Structure formats: C-alpha cells, structure tokens
Amino acid sequence: MAEHTSHPHDSEHHEIPEPQTKAIWRTFIILSVVTGFEFLIAFIMNASPLKTAIFVGMTIVKAFYIVGEFMHLKHEVKSLIWSIVLPCIFVVWLLVALLMEGGSIFMLR
Amino acid sequence: MAATATTEAPVFDKKSWMGGVEPMKVSYGKLMMWFFLISDTFTFSALLVTYGLIRFSYPAYDPAIHGAFHFSNLYWPIPEKVYEAVPFLHGMELPLVFVGIMTFILIFSSVTMVLAVEAGHRMDRRAVEKYMLWTILGGLTFLGSQAWEWSHFIHGTENGTVIKELVNGQWIERTVFGANLVENQYGPPAFADLFFFITGFHGTHVFSGVVLNVLIFYRTAFGLYDRRGHYEMVEKVGLYWHFVDLVWVFVFTFFYLV
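Taken in order, these protein sequences are the chains called X and E.
Numbered per this note's numbering, the first sequence spans residues 1 to 109.
Numbered per this note's numbering, the second sequence spans residues 1 to 258.
These aren't lab readings, by the way, just hints derived from the structure by calculation.
Given the structure is predicted, the values throughout are model-derived calculations rather than measurements.
The C-beta atom is built at its ideal place from N, Cα and C for all residues, glycine as well.
Warning: the hint list may mix true and false statements.
Unchecked claim - Here are some chain X residues the structure puts well away from chain E; computed CB gaps all over 10 Å:
hint: 1; residue: Ile44
hint: 2; residue: Lys74
hint: 3; residue: Leu95
As the list claims (entries may be wrong) - The calculated lysine-lysine pairs, modelled on DSSO-like cross-linking and capped at a C-alpha distance of 30 Å, are:
hint: 4; chain 1: E; residue 1: Lys130; chain 2: E; residue 2: Lys30
hint: 5; chain 1: E; residue 1: Lys25; chain 2: X; residue 2: Lys22
hint: 6; chain 1: E; residue 1: Lys164; chain 2: X; residue 2: Lys74
hint: 7; chain 1: X; residue 1: Lys51; chain 2: E; residue 2: Lys81
hint: 8; chain 1: E; residue 1: Lys236; chain 2: E; residue 2: Lys25
hint: 9; chain 1: X; residue 1: Lys74; chain 2: X; residue 2: Lys51
hint: 10; chain 1: X; residue 1: Lys78; chain 2: E; residue 2: Lys236
hint: 11; chain 1: E; residue 1: Lys30; chain 2: X; residue 2: Lys78
hint: 12; chain 1: X; residue 1: Lys74; chain 2: E; residue 2: Lys130
Isolated chain X, as found in the complex (with noise of 0.2 Å):
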C-alpha cells in the first residue's frame, strides 16, 4: 500500500470509490422473497387458472427486476426500452394463441 501512496498521479494505481451495492441486494432480497412465495403457493394451492395466473404474475414480477434492475434496462432510454419490449409483448400472444390451439387438438382428439 505505501508504495501505492507514493504515486498518486499513476492511473495504474487510482483510488477506488466505495462500492454502491445497495440497490443490487434490495434486488436479490426482492426476488427471493417472491421465489420462496411461489413455493408456499405451489403446495397450499390446488391446480386452478387462480393458481396459474399467481404464478404467470410473479414470473413477470421477477423478470421485470431481473432486466430492469440487474440488466439496468430501467435506465436506458426509451427507444432501447421499446426496442426489447415491444418484440416480447408478440411472443406473449403467439403464446396465447398456441395455448388455445392445443386446447382445441385435445377435444378433436
């Protein structure tokens, strides 16, 4: 360390700031109370849409902090923020669509 002190114009040896990991471990803190949530449901809950719908909501809950915050997609600009959004909202209702197709092979079959 003296010898680091001793050069404090070297850009190989700079100062280095405190680490900001606040937001990282709200984040981490947040996705793992909804994980462990989703357990409790899996076992307290019979099959249900209800069931389902809770666990499509907090799959979007966890994906939304994971490219929002981990990813930082929440701090790029709109047109970045559209660019990866937009294409997903598409696959939700191929999604939708395909679900109902298989809905409808299994009463024909």
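We have chain X; now place chain E onto it with these hints.
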C-alpha cells in the same frame, strides 16, 4: 425570419441516426448483445410455447377420473410428483426442493455477476476477480445439479411404471424405468422429450456462459481491462449471464410449477 426559425429548431435531428453517435445511448457492443438476447428470447419462447401447446393437447390429471395420482402415459404428469428427489436423501419425497435450490444458486450467481459489473465501474480489479470467481462457481454448481437431475430422470424410480400399449393389435403390459426420447415412465413420451430439449438448451447456455465468465476472469486477472481503461466487457457478458438466469425463471415456472 422563417428560415432562421427552422435552423434554430430542427423538427427531426437526422444526425443521431447517421453514424458517429449512439442513438440509443449504449455502445455498439452492448446494443448488439441486446439484439442477440432478443433473438435468443424468440428461440426459448418457441420451445416454451411448444411445451404449452403439447401440454394442452394432452388430458390433464383429474382425481375424479384417474383416482389417486400414479405415473401413467394416459395424462400429463404433475411436475411436483416427478421432481421430488434430492441427492444424498434417497427414498424421501421432497417435491421441488432440489429444483428450488438450483433456482437460488442461479439467482445468487446473477447477484455476484452484477456485483462484478459494479466493481468494474469503479475499476476495482480485485473485486471484479472475486465476484467473477463466485459467479463461475455458481454456474458450475448449477451445471452439476442439472447433471444429477438428468441422471435421476433418465434412470427413474426403483419400481418403474407399468404401461399398457397397443402393439400389433394386442394390448401388452410392460414396466418402464426412467425416461428417454422414446419412452417415459412419468407420463407421455412428449413430456420427457420437452424436458430434455428445454432444460438441455438452457444448460447449454449456462455452459457457454461459464466459458465466457472464465474468459473474462482470465483477462481481468491479467489486467487487460485495466490497460484498456474500462470494464465494459464484464457488462456485456453480464447481460448474457442475467439472461440465462431470466430464462431459468421462466423454465422454473412453466415446467416445474404450473
């Protein structure tokens, strides 16, 4: 007068889309990583949508019709009855415990990755090295867990499942142990096929993520990013790693919970 008004307030700033600047305020590399990830999203959604379609085209388990739950190729199985084994706890029914542990490992390795990115912003080489090592360890642990789960799924339970099938116009009964691409003791063969394809494709992504993380660790340790003056490469690989975690969140919900 009109001419000066137009030069002072341009209606549309063409310059920002004609090269030399960053219209989306991110570097070229990060933008291309985002576009790669959106294309990868399509691939994974295609697999998950296929799962949904095939699942909905099979009968669901109904206690009123099928009685107490047992494995059968006549209906789609309940995931928590299939995934209930944990290493070193043989014979105990612990539904979804192991896959829950795997989920936490992956979420935690995502946290250490974002800590490495944060350390990179501060040019703190030692911290980047430390968190990259934790991330690599998390990725390897996840891969090991998945290998165990696959091995258990392939070998099956001790007693197997007796299935009835029509062969050359005759109903025959036989016992099936475990699952592969053509037969499956837990349910319809399509269930095992989708399990292998979806978790396998995700596992391949985790594997390539670990390889990239090792590369980043190596280059950090040899001071490449210090000499370059920024740690943006850690951010780009971080985006990929978070994406892998995100995909697991969806696989976990749609394959194991719903």
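(message) Please list, smallest to largest, the hint numbers that this structure does not respect.
(response) 3 and 6
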